[in-house]
Amino acid sequence: MPSNPDVVLAAVDVHEVEHVYGTGRDAVTALGPISLSVRPGSFVVLVGASGCGKSTLLRLIAGFERPTSGAVRVGGREPVPGAGAGVVFQQPRLFPWKTVGGNVDLALRYAGVPKPERPGRIGELLGRVGLHDVAGRRTWQISGGQQQRVAIARALAGDDDLLLLDEPFAALDALTRERLQEDLRQVTGETGRTCVFVTHSVDEAVFLGSRVVVLTHRPGRIALDLDVDLPRSGVGPDRLRALPEYAALRTVIGQEVREAAGGR
Amino acid sequence: MIYTQSGTAVEPSVVPVGGSAPAGVPAKRRPRRILVRLGALAALVAVWQLAAVTTRNPSFVPSPKAVWSQLILTSTTHDGVRGYSGHYLVEHLGISLRRILIGSVLGTAVGLILGVVMGTVPWIRVVTEPVVTFVRALPPLAYFSLLIIWFGIDETPKLWLLTIAALPPVAVATASAVYGAPIGLVEAARALGATRRDVIRDVVLPNALPEIFTGVRLAVGLAYSSVVAAETINGVPGIGGMVRDAQRYLQTDVVVLGLLAIGLSGLLIDAALRTAENRLIPWRGRS
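Protein sequence lines, in the order shown, are assigned to chains A and B. Residue numbers for the first sequence follow the numbering used here, beginning at 1 and rising by one. Residue numbers for the second sequence follow the numbering used here, beginning at 1001 and rising by one.
It is worth saying that the hints were derived from the structure and are not from the lab. Any given hint might turn out to be false.
[To be verified] Calculated Cβ distances over 12 Å to all of chain A for the following chain B residues:
| no. | residue |
| --- | --- |
| 1 | PRO1064 |
| 2 | VAL1067 |
| 3 | TRP1123 |
| 4 | VAL1131 |
| 5 | LEU1250 |
| 6 | ARG1284 |
[Stated by the list, open to error] Here are some chain A residues the structure puts well away from chain B; computed CB gaps all over 12 Å:
| no. | residue |
| --- | --- |
| 7 | ARG59 |
| 8 | GLU78 |
| 9 | ARG138 |
| 10 | ASP161 |
| 11 | ARG179 |
| 12 | ARG211 |
[Unchecked claim] What follows is a set of in silico ranges between Cβ atoms, one per label pair, in the way DEER data are often shown:
| no. | chain 1 | residue 1 | chain 2 | residue 2 | range |
| --- | --- | --- | --- | --- | --- |
| 13 | A | TRP140 | B | ASP1270 | 24 to 30 Å |
| 14 | B | SER1176 | A | VAL235 | 50 to 56 Å |
| 15 | A | VAL235 | B | GLY1180 | 45 to 51 Å |
| 16 | A | ASP133 | B | TYR1143 | 54 to 60 Å |
| 17 | B | SER1176 | A | ALA170 | 30 to 36 Å |
| 18 | B | GLY1180 | A | TYR21 | 20 to 26 Å |
| 19 | A | THR29 | B | ARG1279 | 50 to 56 Å |
| 20 | B | ALA1272 | A | SER69 | 55 to 61 Å |
| 21 | B | ALA1272 | A | GLY192 | 33 to 39 Å |
| 22 | B | ARG1136 | A | TYR21 | 25 to 31 Å |
Every residue, glycine too, gets a C-beta built ideally from N, C-alpha and C.
Please take these sequences and the hints and turn them into a complete structure.
Following this line, the structure appears as structure tokens:
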């Protein structure tokens, strides 16, 4: 339970964090103060309207930025990009000068996987995100959904315990988005990875999260912190979405998100 | 050359609609294009012939036929004379091309390194940018005098001249491309565990490659236009030296022949560079 995080070492620990952009008169407090502890293996979704600082929080956890005050710990240490967490961004951010396989290969190289092992791992990682026979393609020759799958495969290459996702499906069409949500739910369930997922979609939050955290409008603070007790396996996506608990959660969280946004 | 695999000729079946190779002309329209170009060339020669006939002064406008026979003369040994000034036309051209090649390669190499440093270290950029722009604005002939004083009249000052001419466009293009590396891709690489060096090698440089290549094409063009200047002093053998000598003796047909040789080889080299560009940088304009 969020209120009792000391049972096991938290995968992510955000302690009294505040983040301010700019200085002097132009200073804008984007976030906090906020405290959040993420248990290993959980799937935490941060929901909120745009401008609530949810992406800022993710960037702090990824180590791209340092908090103005407070402390962020990932696996007990101060986060550094490329050490401890895989990151998936809203845009796939693939390297167009590399083939699809080349993109994953690069990630494996950075992760220190020796060259002879890489070809096998590339196939395995792409297969895990549902891609086959695309390793030799150019990145612009595959669809947007496939590109985002490659980005996920690339983020999984590091074998980090933590996966950070910043609205990864926001730019995709509805059908592709649902497919990727389902596959992500399965992949993270199989690999037992801790996930922190940022979205503005209530439906996405309920479907993916084992815990949903609603943030208020700027500066982002926790408005609601809810464990989602929906079955994580053994239930198909359509049946899951049809459960009455699912609808109830959607209503509660949706209301909270609207209230937190303050009528914006 | 890590980026060559698969080249431009990507299997047409996997290329999405509208995704054919850049600057490609539909195959069935190609013959027509060639025909149009040949027609334009024929018209040009006709106008030239007309000008030669009406002026009736071969020292002013030599006829196409006179230039053609100079091509034969400068390419053969006749009356015991080997080509022009003891060298065949191809030898003159070859020596000049060699100078252009060495100058372009040196200028590109130094320009590349300088550009990367300028693009990554802000204070070096502040210091070197005015210098590079200054050198860029100078006509090559202006600093050639200085190079002659420093390095004599043999090969060294010529290579220096071409190197200095080729360096600025590559440096400027590289610096701006490196400086403007997309933050999104740099972050993505860092998130995957790339070190600073990895980021430069795997993201910043490949991303800059299209712009660098444009810089190289400019550099080769500048080296090309500077070679005639470089060969104004002790330039034989060399196509520029040949043209200059011919001008002294009012051999206008040889002058025109030399100009044609320079222009045509320049066209061929630019075409080769463009082909190389399409092969090496298939991702140009995609991202």
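Hints versus structure:
Every C-beta of chain A lies more than 12 Å from that of PRO1064(B), the closest at about 47 Å, which supports listing it as non-interface. The claim that VAL1067(B) is not at the interface with chain A holds, since no C-beta of that chain comes within 12 Å of its own (minimum 46 Å). Taking the minimum C-beta to C-beta distance to chain A, about 23 Å, the non-interface status of TRP1123(B) holds against the 12 Å cut. A cut-off of 12 Å between C-beta atoms confirms that VAL1131(B) is not in contact with chain A; the least separation is 31 Å.
With a closest Cβ-Cβ approach of about 54 Å to chain A, LEU1250(B) is found to remain outside the 12 Å limit, as its non-interface label requires. A beta-carbon of chain A comes within 12 Å of the beta-carbon of ARG1284(B); the shortest separation is about 9 Å. Non-interface call for ARG59(A) relative to chain B: violated, since the shortest CB-CB distance, roughly 9 Å, does not exceed 12 Å. At the 12 Å boundary, the C-beta of GLU78(A) stays outside the reach of chain B, the nearest C-beta of that chain being 15 Å off.
Distance to chain B contradicts ARG138(A) as a non-interface residue, since its nearest Cβ pair spans about 7 Å, not more than 12 Å. Residue-level check passed: ASP161(A) sits 14 Å from the nearest beta carbon of chain B, beyond 12 Å. Distance to chain B confirms ARG179(A) as a non-interface residue, since its nearest Cβ pair spans about 20 Å, more than 12 Å. No Cβ of chain B approaches the Cβ of ARG211(A) within 12 Å, the least distance being about 23 Å, so the stated non-interface status holds.
Restraint check, TRP140(A) to ASP1270(B): a C-beta distance of roughly 27 Å satisfies the suggested window 24 to 30 Å. Between SER1176(B) and VAL235(A), the C-beta spacing of about 54 Å keeps the proposed range 50 to 56 Å intact. Against the hinted window of 45 to 51 Å, the Cβ-Cβ separation of VAL235(A) and GLY1180(B) comes to about 49 Å, which satisfies the hint. ASP133(A) and TYR1143(B) have their C-beta atoms about 57 Å apart, which keeps the hinted 54 to 60 Å range intact.
Between SER1176(B) and ALA170(A) the beta carbons are some 32 Å apart, a value that agrees with the proposed interval 30 to 36 Å. The given range of 20 to 26 Å is respected by GLY1180(B) and TYR21(A), whose C-beta atoms sit roughly 23 Å from each other. Hint check: THR29(A) to ARG1279(B), Cβ distance near 52 Å, so the stated range 50 to 56 Å holds. The beta-carbon spacing between ALA1272(B) and SER69(A), approximately 60 Å, falls within the hinted interval of 55 to 61 Å.
Checking the proposed 33 to 39 Å range against ALA1272(B) and GLY192(A) shows it is violated: the Cβ atoms sit about 55 Å from each other. Between ARG1136(B) and TYR21(A), the C-beta spacing of about 39 Å breaks the proposed range 25 to 31 Å.
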